[in-house]
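K.L.:
Chain by chain, the residues:
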Amino acid sequence: MNKTLKNRRAISRIQAVSVLVVIVVVALVGTYFAIPPQPPPPPPPPPPKVGETLVTMTYDDPTSLDPHVTDTKQSMAIIANVYETLLIYEGTELKPLLAESYDVSADLLVYTFRLRKGVKFHDGTAFNAQAVKFSFDRLMKLGKAPAALFTAVKSCRVVDEYTIAFDLKTRYVPVLSCFGASQGLNVVSPKAVQDHQVGDDLATKWMHENMVGTGPFKFVEWTRGVQVVMQRNVEYHKGWPQERFLDKVIVKIVRDEATRALVLRKGEVDLNMRDTSPEICPELEIEPGIVLRKFLSFNIFVVCMNMLNKPLSDVRVRRAISYAWDYKGAIDRIMLGRATQPYGIIPKGMLGYDESIPRYSYDPEKAKSILKDAGYKPGDIKLNMIYVSGLLYQRQVVEILDANLAAIGIKLEARAMTYPALVKIMQDPDPTKRADLATAYHMAFYLDPACLMDSIFLPGMPLNFQGSDNKEVNAILDRASSISDANERAALYSKAMKIIMEDAPMLFCWQGTTAIAYRDYVYGVEYNPLRHNYILLYNVYIMRKK
Amino acid sequence: MKLPVYVLKRLTTVIPMLLGVSALVFFISHVLPGDPAAMIAGTGATYEQIAAIRIELGLDKPLYEQYLAYMRRLILEFDLGRSIYSHRPVVSDLLDYLPATFELVTVSMIVTVSVGILLGSMSATRKDGVVDHFSRTLASAGLAMPAFWLGLLLQILIAHRLGILPVTGRIDATVLMKYPITRITGIYLLDTLVTGNWIAFRSSVLHIAMPAIVLSFSSLSHVTRFVRTSLLEVLNDDYVRALKSYGLSERIVVYKHALRNAIIPTLTIVGLRYSYLLGGVFVIEKVFDWPGLGLYGLSSFIYLDFPSILGVTLVFALLRIILNLLVDLSYFFVDPRVRV
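These protein sequences, in sequence, are chains A and B.
All residue numbers for the first sequence refer to my numbering, where the first residue is 1 and numbers rise by one.
All residue numbers for the second sequence refer to my numbering, where the first residue is 1001 and numbers rise by one.
If you are wondering where the hints come from, they were derived from the structure by calculation, not from laboratory data.
Here are the simulated lysine to aspartate or glutamate pairs, EDC-like style, with alpha carbons at most 16 Å apart: (1) Lys1178/B - Glu221/A; (2) Lys205/A - Glu1056/B; (3) Lys141/A - Glu1048/B; (4) Lys1286/B - Asp256/A; (5) Lys1178/B - Asp247/A; (6) Lys1178/B - Glu52/A; (7) Lys141/A - Glu1056/B.
In silico negatives: residues of chain A with every beta carbon more than 12 Å from chain B: (8) His122; (9) Tyr538; (10) Arg544.
Cβ coordinates follow ideal geometry from the N, Cα and C atoms, glycine included.
Take the sequences, apply the hints, and build the full model.
P.N.:
Shown next as structure tokens:
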């Protein structure tokens, strides 16, 4: 309409801006398409064998890369592939690794290991008995979680360059198994520690983010919160006789369970080191290109009952609760049938597992009559429970338990909290401050029943949330760890478990199975229940179909 | 008042504010249940081991002593202490994680502001039209949808079904290994651009797209509504009618004149939203594995890593203060009336 007051410029400001925007956008898009996705790599020299890069994932940043400081599973994913122990578990067999053979003295107090010769650390220095002693002393001096496995050892001495002996304070037969635990005595390069020591910190700052071991893979770099990169140790002492192996490994950190399933399906990651939970399994099972394998795990999920405080100090109440829990129903609903009801704390597959140990069954009527005979009326008992927030199955356990207890006239009040907070409450020296019920997932990481029995049922142990202190059981456990005959030990553990069951200190809910998922071009993946949520990669290789 | 005087006056309030925040957080975090010494020691540790670690960390001293020691180190040496969990100086941790959050939030805010202003203006000028209803619905949807749910949904749809974008992370794992990024600012987009690392740049762009879009979607309603409301008010003023009667095109009237007057409330909300996001995106960071301050702060709280908790909170407080100051300063440039 009004053309007289038209803008004098040749082009209006808006037009100029639009043209500029178009130019910028075209330039960016052009750059994007002009840059080829991958520049052609320089032609590599023909490799003698085929090595590939594996992209795997774990669920959180490593706590530390120092094997003498941490035992968390996400850290072990790296540590177990870069460092080595004297012995190693393959399946349920204890095999030589850095030690070729060993002797146990007749009095069961001296363990002597003869070490493999010609092994080198990643920094080129030689592996020998001095290195083992150095590592052991460092482990015990730092006194963190991995050191707890060797509290029975008094000292370690070098016999000769390739022979080392461990002297125990008292007889403790399970210690042999501890030498095969991946989260136990990992051997580190003494030179690396001494070179990077600051004051007398034993190089903890440097070793936190650097690794010098003897393992099949070398540490390359750690981009915090993102990934850890490892590369093949060409001079690994076992050699690389296989046709195919891994040259490089990237351990990505993918925190969310649903996202882990997605990246695996999309093929961005080749192998999931962490257990795949039951609700995610169906979608991975039907996906072409993905392999899902199930293994027996040694993890036992329990609900601990605080035996030191009313009303759970009354064993009849505990027994009633043990009859009120719907074992099969919970396994079907929560674990989708992928678990079994345990016979106590010793898992199937371990010495001392005994199916003659009586266990409770789902019998609400019996539970009600036990309570009635003990003089409790419905509504008399109120219990509080704590569980770990953010884990679906724990919520489900609480819901089922709430319903089961309501059916027998017990009221339940549950609170979610972080795992550290839960542990603090259940380790409170004042038993009245502990919750009545708490969830716990007990895992065995070396193949001896003492791993679970001692740490959970002996008084004063940090994992003894429920406050067990049965004199007879304590005596049996003490004896069982000081004799060497396997059958006799099994009988003793079985006997102790039967007594413990009578006491009903906890609900033994299930022994789970682990599902490991990976792409179908990955081979050689093996899961060992003692190494839960991490995989050893020496035998893993990739072979893609053309 | 004069600009330098105003800035100076504002800056003098920073120190007391930070002191107050630090004292508050220090004492609150020490009251929370949990024991950092037990966490560090690990599950199998004995009580003696835990006690030894507690002494090693100085956690057995009385609270006020711990606080004084902490403040002394902070003020005299700019040392925020050492993280109990990562064993690194908290300052190093913060320098690692802050750029990631900053990058994500900034990119998403750029998208939010551009789209928001555009949609808001179009809604205001064509009130109750198709665009208006569409943008208001979109904005409400963004407000109603939980960000993590939208993130997971987009991951399934776009990353998996359509395969256009990657699922998680800041960059492709293999790309990061083969074409490492030289750290200048810690902001991948900038660092790769400046060093000419095109492969990594491309990968970073692809990876930031989804989380940035999800984040901006959740902030869109804030900007759109404010722009729309303030613009509607302004468009009714006399001078706008005068300009229109002079024959200026609508586009010039709106974008050059009216918007300027309407922008102040929007600036405020953008500033508030920006500082909120810098501190609160840990859910998106978890879903998209974006190693930022949100995730770091979250794990500090779970593990009761006191030095980290304090470091993170102080950084958030400082960022918020600086951002508020910048927003206030922007008023100076936008609105001449404030300069008097």
